[in-house]
Amino acid sequence: MAETRGVAWKIGGDQGEGIDSTGDALATVANRMGYYVYGYKSFSSRIKGGHTNYKVRVATVPVEATTDTTDVLVALNQETIDKNVAEVPAGGLVLADAAFHPVLPAGHAGAHLIELPLTQIAKELGSVLMRNMVAVGASAALMNLPLEPFQDYVARRFGSKGAAVVGPNQAAVQRGYDQIRAEAGHLTQIRLGDPHPGDRVVITGNDALALGALAGGCRIMAAYPITPASDVMEALIKWMPLVGGVVVQSEDEIAAINLAIGAGFTGARAMTATSGPGFSLMQEALGLASMTETPVVVADIQRSGPSTGMPTKQEQSDLLQMLNGSHGESPRIVLTPSSIPEAFADGMDAFNLAEQYQCPVLIASDLSLGLWTQSVERSVLDRTRAPIVRGAMVTERDLEDVPSGQFKRYALTESGVSPRSVPGMKHGQFLATGAEHAESGKVSEDPANRVQMMQKRFRKLEGFAREGVRREGPADADMTLLSVGSTVGILREAAGMLAAQGHRVGLVWLRVLAPFPTRALIEALAGSRRVLVVEQNATGQVLNLMRTHGIGHEPRFHSFLKYDGVPFTPGEVVQQAAAVLDLAEVL
Amino acid sequence: MAETRGVAWKIGGDQGEGIDSTGDALATVANRMGYYVYGYKSFSSRIKGGHTNYKVRVATVPVEATTDTTDVLVALNQETIDKNVAEVPAGGLVLADAAFHPVLPAGHAGAHLIELPLTQIAKELGSVLMRNMVAVGASAALMNLPLEPFQDYVARRFGSKGAAVVGPNQAAVQRGYDQIRAEAGHLTQIRLGDPHPGDRVVITGNDALALGALAGGCRIMAAYPITPASDVMEALIKWMPLVGGVVVQSEDEIAAINLAIGAGFTGARAMTATSGPGFSLMQEALGLASMTETPVVVADIQRSGPSTGMPTKQEQSDLLQMLNGSHGESPRIVLTPSSIPEAFADGMDAFNLAEQYQCPVLIASDLSLGLWTQSVERSVLDRTRAPIVRGAMVTERDLEDVPSGQFKRYALTESGVSPRSVPGMKHGQFLATGAEHAESGKVSEDPANRVQMMQKRFRKLEGFAREGVRREGPADADMTLLSVGSTVGILREAAGMLAAQGHRVGLVWLRVLAPFPTRALIEALAGSRRVLVVEQNATGQVLNLMRTHGIGHEPRFHSFLKYDGVPFTPGEVVQQAAAVLDLAEVL
Amino acid sequence: MATLADFKTSEKSWWCPGCGDFGVLAALQKSLVALDLEPEKLAIVAGIGCSGKIGNYVNGYNLHVVHGRVLPSAMGVRLANRDLTVIGVGGDGDAYAIGMGHFMHALRRNVNLTYLVMDNHIYGLTKGQYSPTSDSGFKTKTTPAGNIEAPVRPLTTAVAGGATFVAQGFSSWQPQLAELIQAGVRHPGFALINIISPCVTYNKVNTYDWYKQNLTNLASDDAYDPTDRVAALTRLNATDELVTGLIYRDPTSVPYEDRVAHLAKEPLAHQDGPVDQAVWDKILAQLG
Amino acid sequence: MATLADFKTSEKSWWCPGCGDFGVLAALQKSLVALDLEPEKLAIVAGIGCSGKIGNYVNGYNLHVVHGRVLPSAMGVRLANRDLTVIGVGGDGDAYAIGMGHFMHALRRNVNLTYLVMDNHIYGLTKGQYSPTSDSGFKTKTTPAGNIEAPVRPLTTAVAGGATFVAQGFSSWQPQLAELIQAGVRHPGFALINIISPCVTYNKVNTYDWYKQNLTNLASDDAYDPTDRVAALTRLNATDELVTGLIYRDPTSVPYEDRVAHLAKEPLAHQDGPVDQAVWDKILAQLG
Ligand SMILES: Cc1ncc(C[n+]2csc(CCOP(=O)(O)OP(=O)(O)O)c2C)c(N)n1
Ligand SMILES: Cc1ncc(C[n+]2csc(CCOP(=O)(O)OP(=O)(O)O)c2C)c(N)n1
Ligand code: SF4
Ligand code: SF4
Ligand SMILES: [Mg+2]
Ligand SMILES: [Mg+2]
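In order, the protein sequence lines correspond to chains A, B, C and D. Counting from 1, one number per residue, gives the positions in the first sequence under the numbering used here. Counting from 1, one number per residue, gives the positions in the second sequence under the numbering used here. Counting from 1, one number per residue, gives the positions in the third sequence under the numbering used here. Counting from 1, one number per residue, gives the positions in the fourth sequence under the numbering used here.
Please note that a few of the clues may not be correct.
Derived, one-sided and incomplete: chain A residues facing chain C with beta-carbon distance under 7 angstroms [unchecked claim]: (1) LYS48; (2) LYS161; (3) SER230; (4) ASP252.
What the simulated footprint calls covered on chain C by chain A, stretch by stretch (three residues with Cβ under 8 angstroms from a Cβ of chain A suffice, anywhere in the stretch; the number is not a length) [as the list claims (entries may be wrong)]: (5) 6 to 18; (6) 59 to 70; (7) 95 to 104; (8) 112 to 125; (9) 129 to 137.
These aren't lab readings, by the way, just hints derived from the structure by calculation. Yeah, the Cβ is synthetic: ideal placement off N, Cα and C, and Gly gets one too.
When you get a sec, could you build the whole thing from the sequences and use the hints?
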């Protein structure tokens, strides 16, 4: 077999059988070896039992999406074969535990079934728990990867538990490796290209976001557990003590966001993270933050809705809610990270933006971006990439001449941003209220004041300067693929495939949904003959939002939607794109 | 003075001084006399103190809006004069209590100031509380209205308190009347045209909505107090015992809507009513109702937002939230009543629609529609105007052959609506869950099932048949005025004024926001050279929504917004319309 | 008369092997038979969590609501149809964290419902964060250094908050648990049954064994008078709530729905005719 | 040293003449002076209601939140800056209806806050609906036939729920009320002070006179030991909560923020430098 730029490996079994940590092992080792990895977990809303699988792409180039096919499928039960073998191409490998007497369903003769007594070997070595380690060793052999990095990994991972644990696990890896070489050597034909050693880590979008927040000065986090957002809280619980901050697991999401608002009012950088159901509960408080011009950061790691929906499945369907979810009209910023670096950047910048614009900043992440792992250069996680900028603040000096109680917290300024004080500053006292108020903060129902204040709050975002749209590829593309969030990585992959087929394909993605970057988007799409808006939802929220802003009514715009809980594969996008490219010329 | 088609009377003073009941008195009496009335209260978010006023338009033709001017201003304090005299035209009357030594501010010499010792007369009759009754009598004289209907009213209103209360109050009315005739007879020049006696009641939109709900079969109502929605609950608390139903004042809005959903699941017609802050809290549950296909009716009586905003002020700014407020994508129906008859109709029909389409039905009312009073034909409040239709239900007969526990509650049907059972029906048991589910109701994360179920839920609304758009006036109008809610009445008045000026003006209003009546709206606007979309919010939500659906990007569309808490006056609309009509021809 | 099989569904349980929730399910199903109920007269309103899945396995009318909102929904069900037996179920997070407000109000309203809280001192379904009933010092994913909060004491809170029926069962002690459930259903008013239901996956401290060693059974104390509110509070205080059995019952309990004036006896769910002309006229006469 | 004038604002009160809230305001302002606080070190977090407007009249950092959310916000304020004196205020509806869940969790978390609940047994600002503390039988706009619910008993609930400081004051009894507020602020933990503050407009039953006739003052009972939790519950039960004074105090109270491991002593509000290189490296080393 010729050298390949990537291999897709997948392990599947019942939930609670260590599938996660096995996938993590492969991803971590491959990353350390200098390969780029992308890890994708499929799981369901239960703790033990039920099919789960973890696919790891190991590649010689950066990868940001899963693949349509699986080259090596490791099956811990028959269900794994039945549910996944369709994606194993002819010549692909199915490594199965002999213990369950695996069979390939009819029609999949092209795949090679390799039975290995994983359970038996593990038992021989002392515990059935090591079954997955045998599979790891066997996988290394099947992919022609060196064994030492795996043994190193085992030593590190179990090191704290002592030699009695490390030894047998290393033996398990070795046995799996040896047995494949001995019994299935003829099938070990995968030849990955050379790795690109570098200083990379494997990280999820949630962890990247949490790290960004920490670097961005977040010192108070309050949240309520919810899939797929809990990790953000859990990561910060690990790290916050190192910087003297605090994370509160609150009694519900309403408490979480109100706690963060209280902290923001007091001058601390504060956030919460949640998913759809929790985000719905936060709508009232979002309006309060906007009205009181209190900085607060809210990450919504979207999942499949509505209601409880499919809590462990991917979707991008809270987008319009992020813009319109609260009653009345309350300015806010909505950022849409689409990759690990962007998740880190947005996690960090959100706090600067929240303080600069004195309003809520929402981060629209999604399950795929939040939970799946990816290789990323360590340098991306730069704690100093943007200095902490606190926005307009008065100093105690400024306040010296202000009579006590007469500070104008909501002074009408040209930019709409009013320098703020925080508790503790002498003579800076004021009233922050969700009721309409005058410059002093005092409640006011005066119509003229009302108009001024509404305009002031909206004016703040008129000059919003952050990059709203990004573009790659030719400006005069035959087709531009457009999306937000984790779908962008998939589109990038698809764009590469389409380009390889000879198409002039561009990629455009939104970095901000509010304030909507109308002009930049018009420019970015100006030269494209066709635009395919690809979204993981049922109603085409991104395209609808574009249309509100006058973009997307012409026939060159096409919509491609998916809402079955499974992310697009690059292949699906390529197919749809090809179909659209085949359409008669647009008018 | 020539006969006039209408008089605008206003009384103002401090909150807690009986302004409301005085205005109600005039409105009630004038209505009984056969005039059409429109009553408009301006108040603020406090209980006692602070300026409040109540304007009653008395007209010989139906009226649905307030006026720009006030013909008779009754002032119980100087503040009332200062704040309201600007709207009294030259020749207008200001009746003021001599007790506070009223003065007309410079520049208002055109108005006649009439000082009457209201307080003193009341005291002479036994209690200062009767001051307003003196004012009522005086007002009757100033407007040349007969006195008997007022005396009848006093007798009815205080009847239960006995002659000792009725007598002095009647005397107060008489004294006010007499004293004007004696002292200011030369100023009593208003000559209202003949009344049109009929069988009419004076009613608010909230009461009409509540009555509609009762007629529509609502038997369970749960709500949490909030201005300006509390009346809906309070009206139903009065009436529900008469039909054996129940109203629960719940601990918060989340409880209220979930209670209603529980009742809806059980087969009772149930609703809640709230305003912005409460509506924000209901977002999660709305998704639940949509996902479980449970009928529930939610009225949002919009007020000025965001957050606490201006709780007693008018706004139409929750519209996009009603469409997009919950996470994920959950079909719903949004009705927009614009008048008392429509509020009654929507209050009634909402329950049929909720059961027919098995989804939440939102009623987007607003403060002006909800709180202001209007004359309406009693026949409009027809308890039988639409029969109760329960939508697709199975019978116990149908279920006889279904093995227990195997009823397919979410059967995939062509219409998307699946016949439902309700608790108590033998063999009709099923699981209603906010998680994605299969036809049986069982939780399912199967991608193919997911797609079918999402499509099923959205399919239900594809054939939505209820009238979505209404139109009045010429189809080939030079200008069509367009709005929703209480603004429509104002536009009708403005359209009349513009027509009187010789313009070809049409009026179009939306009766439904979701599912959006795209086709009907395109048709309704097809012949208009200009369209002025008039909304009481800051961002142009109706126009934005239209744009999402491809309507409103052309230059013939113009937006007119107001968000200072004060409803448009017809005059303001006329002025803006005239300015737009003056613009160079559209391209 | 319904049998145990009548209360089962074809759904296979999604719980971990050994989970305490199996015992709760079994006791519930047994109780339904013992109470001589029919599936169509049973309405279960369940919350979100491992616990909340219990409804999926009981054949009856099941409403699986959003997290923490069991009680308002259950109240709606009961008011809509007083012929139904309405059972609310949820976990300690569902009931006592996000659902705490509703819980307190349900206690004092006293609608005729039975509320089974499956208490494992942990958030199971979200994979092991501490819950409001987690003991101080307990280490979980979100309390790696040990829980710094004092736990909610659900039984004390319920008795103090005006509950008319408060009991605690243990998933492993089937006969008592089944009896308590039956007593709760028979109680004319709101009945709280807090049920210790160990999470074998995420709670390695409050295990079956731990409870067997630490729980005492009130039923074996003849002197205990469950109609004495202050005595109940005192006992709960003394035992740190590590008791099973009937803790408090108000023999004078009158359910909410019996106190609503003019509430129709027949199910509101079946009312779908027009309003009586006479009633309508009366209402319209009240208008201006 | 700040004077009374320093704690006043130029805003005129929006309350009805005679409203109990005036007395609460006066006692609060007096207490702030007596406590020797400075306006800039004072943070008031107020809810929505007539009561919630109190913050508008006190010169300090005022956060006027949405209905029912005083306590989570106040917790955020306090965690952000432990140098501040944080006072939460709200009405009986704000605190015990929509805010009930947060209230119960605040009790057991024990953040160093003082919570003044201005209890008038009614919803004032929304014009006279019954509240969770309204007595049974009480007639209001929404209970024309009399309230059919049993009221929340805030003091009992607080003591049972794990509060470390529980007191009740009366708007008319200024010296005691001011003392209680000061004791609450000094208490190292969460201090609930339920304050009877009559609504003269919508509550014609629980009037000043009514309270003067029915309240007893615990301070005049030398035998009463406010550190005995069970005694407190017993007394509250016996008096139907019609007492004023300090009801319960846990002398061992340690506030939440002192139990958070590694929480910086200096205000988090002032931390705006980059993360230390060493800390950052340590964190990145934990990643795969
Ligand atoms: C509004 C909302 N917030 C959070 C969640 C996520 N969530 C699901 S179950 C659960 C708590 C589970 O704990 P518990 O109620 O004790 O039930 P258990 O799983 O332990 O039985 C949470 C927080 C949700 N579904 N909805
Ligand atoms: C979410 C929400 N629901 C309802 C309201 C309306 N509201 C304003 S104040 C209030 C209750 C007032 O009662 P209470 O808390 O006892 O305060 P009081 O006015 O009696 O001092 C309500 C329900 C609101 N502002 N927000
Ligand atoms: S995680 Fe715990 S509570 Fe959930 S099913 Fe498993 S053992 Fe039971
Ligand atoms: S309504 Fe009642 S609580 Fe509100 S200000 Fe007036 S007296 Fe006070
Ligand atoms: Mg639990
Ligand atoms: Mg109150």
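Against the structure, the hints come out as follows:
1. LYS48: holds (4 angstroms)
2. LYS161: Violated - the Cβ of LYS161(A) stays beyond 7 angstroms from chain C, reaching only about 17 angstroms at its closest.
3. SER230: holds (6 angstroms)
4. ASP252: holds (4 angstroms)
5. 6 to 18: holds (count 4)
6. 59 to 70: Per the Cβ count (4), the hint holds.
7. 95 to 104: holds (count 3)
8. 112 to 125: Holds, because 3 residues of the stretch 112 to 125 of chain C bring their Cβ atoms closer than 8 angstroms to Cβ atoms of chain A.
9. 129 to 137: With 3 residues in contact (Cβ-Cβ under 8 angstroms with chain A), the coverage given for the stretch 129 to 137 of chain C holds.
Violation of the numbered hints given earlier is confined to hint 2; every other hint is satisfied by the structure.
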